[in-house]
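Chains as they are written, first to last, in this note's numbering: chain X, 19 to 282; chain C, -4 to 211.
If you're looking for bench data, these hints aren't it; they were derived computationally from the structure.
These figures come from a predicted structure and were not determined experimentally.
Check the hints yourself; a few may be wrong.
Here are the simulated distance ranges between beta carbons [said to hold, decoys possible]: (1) C:46 <-> X:267: 56 to 62 angstroms; (2) C:26 <-> X:46: 53 to 59 angstroms; (3) C:104 <-> X:209: 27 to 33 angstroms; (4) X:151 <-> C:40: 41 to 47 angstroms; (5) C:146 <-> X:173: 29 to 35 angstroms; (6) X:166 <-> C:124: 31 to 37 angstroms; (7) C:47 <-> X:67: 43 to 49 angstroms; (8) C:44 <-> X:236: 41 to 47 angstroms; (9) C:125 <-> X:112: 16 to 22 angstroms; (10) C:206 <-> X:280: 44 to 50 angstroms.
Where is the CB? At the ideal position from N, CA and C, for every residue including glycine.
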Amino acid sequence: MSTDTPETLPNPEKKAAAGGGELIRLEQVTKRFGSNTVLDHLDFSVDAGKHVTLIGPSGSGKTTILRLLMTLLKPDEGTITVDGQKLFPASDKEVREVRKKIGMVFQQFNLFPNMTVLRNITEAPVTVLGMSKDEAVERAKGLLDMVGLADKCDAHPAQLSGGQQQRVAIARALAMQPKVLLLDEVTSALDPELVAGVLDLLRDIARSTDITMLCVTHEMNFARDISDTVLMFDSGRVIETGTPEKIFSEPEHDRTREFLSAVL
Amino acid sequence: MNWDWGAVADFMPHFWDGLLVTLQVLAIGSVISFVLGLVWALLMRVPSRWVTWPVGTVTEFIRNTPLLVQLFFLFYVMPEWGLTFSALTTGVVGIGLHYSTYTMQVYRAGIEAVPVGQWEAATALNLPLRRTWTAVILPQAIRRVVPALGNYVIAMLKDTPILMAITVLEMLGEAQLFARETFQFTEPLTVIGVAFIVISYLASLALRALERRLVH
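I would like the entire structure built from these sequences, with the hints used as guidance.
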């Protein structure tokens, strides 16, 4: 994991060699919505297996990065490379190949309400990966067991609590065996008492798998626990980057200090 | 005014004939309007003006001209181009086509009401576009629009007597024929009036049952 910002200019090659190899790379990425520049010539990269947390005030562009990586948005300028494959410009086929490597969990869960919990999880492995139905069901049941909802196979999403829905959404994303898991404020829409269960599950996944995680969150304790690196965003730029110990204990930047004192 | 049960009894064989035609028109017309309306709604989402402009113009035209004019056109003008169909076929197609321009708007609203997060989740899971439509978007959209589609079935039922104008003998046609021959208007018109209410009521019951099943 490395960043290139006016403040910090580490050597990306050196860092990449030290980690599991570079998996994600953004170069000079700019995204505007109308006259509002959400990302401003952003550079950063993520090495395979690392857990990176993006923090910063609302509207600072954190979620936009996840949405760009998931190909839900296109950048106005710059290049995004995932596992050696460039997105934008890329053929539909190439984009689909990249998407197979990325899973995303949304703030609002976005489970398919017309399907059972089990079908939510098996749908994409069967139709996208071509997995046999039996295998998909077996794997889905294993995942539901892992997220503690083995008994909810035949329930519909509307019958579950928010926390349960989000755990199903995590299982659904993992069922596609992605290399990268994008977590977009996954506990923001949950009742306070349900947050801990979801975060504990994610801690387990971070500990027990080699999946790369990019995580936008306002849960600073969670960020401290799971992150290898924390990126502090402000106004579409990374203003500070470092280990969680450094960012949370001795931030260099005034904006980081202000932000942390407001949220902690 | 005297109520003559004898006239009712005399009318009943004609009534059954007319009822059968009305129900045929309603059933087949509904199916046509449901299927064609969905086709229009989907075509309007094709990202090309070469598709949306003609579809939009034609459906707008059909929606904003009277059904009666359209039926006359289909029945009297099409044969001049060598296209001749029975009155019943013409009527069913005409009414189904007319109502499809309403149901397309119902579908459009239903599709637009599916939260954008559903599209995003389908993209994130890499579902092919066709699968996204058939497995995610349409099941949710159609579930939402069943009540509105049901209202158009009732509206269509009330429009079926227009088919009398192109010689289709549905319930009103049979009643009028009977009345002209016997000079007894009260009984046949009352019978078919009651029949319309009964059919509407049964249709709305069936729709509510369907809604309940879909809402789960």
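Cross-check of the supplied hints:
1. C:46 <-> X:267: 56 to 62 angstroms: Because 60 angstroms falls inside the window, the suggested range holds.
2. C:26 <-> X:46: 53 to 59 angstroms: 56 angstroms, holds
3. C:104 <-> X:209: 27 to 33 angstroms: Check passed, 32 angstroms falls within 27 to 33 angstroms.
4. X:151 <-> C:40: 41 to 47 angstroms: 30 angstroms, violated
5. C:146 <-> X:173: 29 to 35 angstroms: 32 angstroms, holds
6. X:166 <-> C:124: 31 to 37 angstroms: 34 angstroms, holds
7. C:47 <-> X:67: 43 to 49 angstroms: Given about 47 angstroms between the Cβ atoms, the range holds.
8. C:44 <-> X:236: 41 to 47 angstroms: At roughly 44 angstroms between Cβ atoms, residue 236 of chain X and residue 44 of chain C fall inside 41 to 47 angstroms, so the hint holds.
9. C:125 <-> X:112: 16 to 22 angstroms: For residue 125 of chain C and residue 112 of chain X the Cβ distance comes to about 20 angstroms; the hint holds.
10. C:206 <-> X:280: 44 to 50 angstroms: 48 angstroms, holds
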